[in-house]
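Undergrad: Letter by letter, the chains look like this.
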Amino acid sequence: MKHIISALVENKPGVLAHVAGMFAARAFNIDSLVVGRTEDPSLSRMTIVVVGDDKVVEQVRKQLAKIVSVVKVQDFVGQLVVARDLMLIGISALPENRAEILSLIEMFKGNVVDIGPKFVMVEISGPEAKIEAFIEVCKPYGIKSLARTGTIAMPRHSKVTEDNSV
Amino acid sequence: MSSQSHSSADSAGKTTIKTGAQIIVDTLIEQGVDTMFGYLGGVVLPLFDKLYDAPINFIVPRHEQGGCHMADAYARASGKVGVVVATSGPGACNLVTGIATAMMDSVPIVAITGQVRTELIGNDAFQEADTTGITRPITKHNCIVKDVKDLARTIREAFYIASTGRPGPVLIDIPVDIEVAKCKADGSTAMELPGYRVRSMGHARQISTAAKAINKSKQPVLYVGGGVISANASEELRAFAEKAHIPVTMTLLGLGSYDQNRPESLDMLGMHGSAYANYAVQESDLLIAVGARFDDRVTGNVKTFAPNAKIIHIDIDPASISKNVNVDIPVVGDAKAILTALIKEVEYCEREAWFKKIAEWKRKFPFRYDNNSSTIKPQYVIEEIWRQTKGEAIITTGVGQNQMWAAQFYRFSRPRQFLSSGGLGTMGYGLPAAIGAQVALPEATVIDIDGDHSFNMTMTELSTAVENKLPIKVCILNNGYMGMVRQWQELFYNKRYSKSYLSNPDYATVAKALGAVGIRVDKKTDVPKAIKQMLAEKEPCVVDFKVEREENVWPMVPAGKSIHEMDGLDILESMA
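Protein chains in written order, with numbering that gives the first Met the number 0: chain D, 0 to 165; chain B, 0 to 575.
Calculated directly from the structure, the hints in this document are not laboratory data.
Possibly wrong hints are sitting among the right ones.
[To be verified] In silico DSS-like links for lysine-lysine, alpha-carbon gap of 25 Å or less:
hint, chain 1, residue 1, chain 2, residue 2
1, B, Lys-322, D, Lys-1
2, D, Lys-54, B, Lys-183
3, B, Lys-335, D, Lys-61
4, D, Lys-11, B, Lys-148
5, B, Lys-148, D, Lys-61
6, B, Lys-183, D, Lys-61
7, D, Lys-11, B, Lys-183
8, B, Lys-361, B, Lys-389
9, B, Lys-309, D, Lys-71
10, B, Lys-215, D, Lys-54
11, B, Lys-215, B, Lys-343
For clarity, every value in this text was computed on a predicted model and none was experimentally measured.
Could you build the full structure based on these sequences and the hints that come with them?
TA: Right, here's the structure in full:
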């Protein structure tokens with residue numbers, strides 16, 4: 000089971016290394032880890048997707064909280080969240096396939112950010128399932144390069160159930 | 000701007016210009032440091048220059064590892080924060096084992112390491128090592144100071160983090176240019192630790208739930224660890240065990256938290272613990288864990304540990320709760336505060352049948368050994384030391400058989416009396432630990448009960464004892480083997496003693512060469528006399544006891560078994 004944990008950490012050198020090292024030392028399985036600045040220059044937000052059962056995730060949460068530079072830990076289990084992943088993907092686009100590829104990109108609400116005679120680079124964001132689906136759709140044409148950020152997430156305030164395709 | 004002035008020895012309160020080195024010394028003194036351990040090096044020269052005439056008792060070891068163990072044992076024995084200093088690169092790397100030892104046993108020490116100049120960091124400079132990177136997994140917290148203005152606050156924070164909550168080692172890495180940089184010392188005592196909270200009071204509802212469970216229980220056991228000693232809660236423990244009438248078993252690190260001479264003591268539990276402690280835990284209906292972490296040496300096969308017991312876990316570290324074992328009633332907070340609150344809500348219960356059962360186990364399975372042979376039994380040496388010191392000495396140990404026999408046969412009555420590397424199991428801890436303890440308690444009798452191979456690892460520190468005139472005593476239980484692994488080779492590897500022995504020097508002669516007193520004991524009949532002489536010595540003294548070569552530690556819970564499935568009980572019974 001995948002769990003999303005969000006941690007506010009001090010924006011200081013070494014904190015990322017400390018968190019990553021702790022995960023490695025305790026053999027926790029990280030699916031993705033994203034860290035970036037927040038509106039407070041002294042704090043960064045880390046979003047970590049952990050694979051494991053409830054007991055494992057509880058330990059992850061507690062071990063994270065133990066790190067002095069980690070200020071606050073939130074576990075989004077059982078909560079409705081907005082979760083997004085951003086990807087840049089370079090697809091092989093021969094002239095005869097180009098129209099097809101462009102219409103697929105439009106369907107997935109991606110943006111073409113770079114283009115060449117046999118190549119197109121797409122920027123696309125959305126829930127993990129959408130990103131995975133787009134990758135599948137690109138495979139037959141040939142993927143030349145791919146870079147993903149990993150998941151960032153924030154809890155919802157509305158009571159509407161999350162629709163995975165949106 | 001005030002004119003260039005010499006760094007001042009004034010403490011906080013005045014606005015003076017100080018160098019980083021002066022700030023370090025002044026902040027240490029402000030934190031109550033009167034003793035330090037450490038070794039010189041290029042990038043700590045500015046600091047050592049300020050230490051030259053500082054009012055601090057400074058002990059220099061022969062190896063930084065020894066210095067770190069000394070600071071560790073100083074902290075364990077005194078309850079204060081131990082401080083060790085080392086230079087960059089090899090100096091800092093030599094601290095690693097000592098820091099990991101302190102981390103595993105939750106000991107409050109602050110390690111200060113020098114670092115190369117800020118602009119050389121990351122450049123493979125001379126004597127450079129990524130100290131903060133290397134020690135990150137083995138410190139409670141660490142940091143490198145890049146601005147002299149942060150130095151005082153960082154040191155203050157280090158002491159706070161090391162000594163509060165679950166104690167642990169904190170390392171501060173200080174580049175040499177920071178040590179000579181100047182800034183205004185403004186006397187501020189502020190700290191900036193938004194991510195560090197210390198919880199002390201337990202949740203009142205949890206405490207009540209725990210008290211109800213305790214009052215209802217028929218076969219409860221108190222399982223206490225090093226946390227009770229860190230919390231200085233042995234008085235509360237005694238009062239609680241007495242009020243509710245519950246037997247007490249201790250982990251290796253918990254020895255001394257409860258007086259082993261009291262009838263409710265079950266002594267140590269676990270892999271080499273007493274049969275009566277292990278049986279009591281396995282048959283308990285309520286296990287009250289205080290300041291202990293359900294370590295694998297204690298639980299044996301964790302799936303079958305305390306199968307019939309509801310578990311109450313009182314601990315200051317929430318991450319320890321339900322880490323290995325499912326806890327029914329967690330109470331997070333300080334042991335002293337929680338036990339005090341619990342005492343008010345528990346009632347005395349006779350539990351006659353339970354205590355009768357326990358007494359029968361105690362009668363059938365005491366710790367024993369066969370003393371009928373003509374060879375010197377290591378257990379006999381320890382019992383004799385216990386007799387002659389009236390059970391009041393401070394005992395440090397090496398690791399392995401010497402450590403287990405010391406835990407079994409020296410009966411402890413007060414906290415901070417038994418100093419041993421439990422979590423990491425560091426061979427060579429015994430001698431530097433004895434030195435650190437003696438520095439903390441100059442009037443105490445401090446004895447290192449050690450193994451020959453453990454002792455050999457750090458025996459160079461005998462010179463430190465001699466240099467500083469510390470009257471420590473070392474008792475080497477010399478069987479010529481790495482005893483514990485030899486025992487495993489005997490039991491599980493068909494006695495194939497692969498690389499488990501090295502030839503020893505004549506330790507009495509080595510001691511004399513290093514300036515200490517050295518005594519060699521080959522005959523059983525000479526044991527009491529040698530110990531008497533050792534205790535009377537005013538100088539460091541090593542006694543090399545040539546003991547029975549292939550003696551085993553019993554009972555023993557083999558790997559993977561439950562703690563009631565002990566080996567060796569039949570052997571012990573045959574000695575009755």
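Undergrad: If a hint holds in the structure, say so; if it doesn't, say that too.
TA: Each hint, compared with the structure:
1. The hinted pair formed by Lys-322/B and Lys-1/D meets the criterion: a straight-line CA distance of about 20 Å does not exceed 25 Å.
2. Under the criterion of a C-alpha separation no larger than 25 Å, the hint pairing Lys-54/D with Lys-183/B is inconsistent with the structure, at around 50 Å.
3. Taking the CA atoms of Lys-335/B and Lys-61/D, the gap is near 23 Å; set against the 25 Å cutoff, the hint holds.
4. Between the alpha carbons of Lys-11/D and Lys-148/B the distance comes to roughly 16 Å, so the proposed pair stays at or under 25 Å and holds.
5. At most 25 Å may separate the alpha-carbon atoms for a hinted pair to count; Lys-148/B and Lys-61/D exceed this at roughly 33 Å.
6. Note on Lys-183/B and Lys-61/D: the hinted pairing is violated, with a Cα-Cα distance of about 39 Å set against a maximum of 25 Å.
7. For the hint pairing Lys-11/D with Lys-183/B, the CA-to-CA distance comes to about 24 Å; that is within 25 Å, so the pair holds.
8. A distance of roughly 22 Å separates the Cα atoms of Lys-361/B and Lys-389/B; the hinted pair therefore holds under the 25 Å criterion.
9. In summary, the hint linking Lys-309/B to Lys-71/D is not supported, as the alpha carbons are separated by about 32 Å, beyond the 25 Å threshold.
10. With a C-alpha separation of about 29 Å, the suggested pairing of Lys-215/B with Lys-54/D is violated against the 25 Å cut-off.
11. Distance hint between Lys-215/B and Lys-343/B is fulfilled; the C-alpha atoms sit about 16 Å from each other, no more than 25 Å.
Going down the numbered hints, you'll see the structure goes against 2, 5, 6, 9 and 10, while the others check out.
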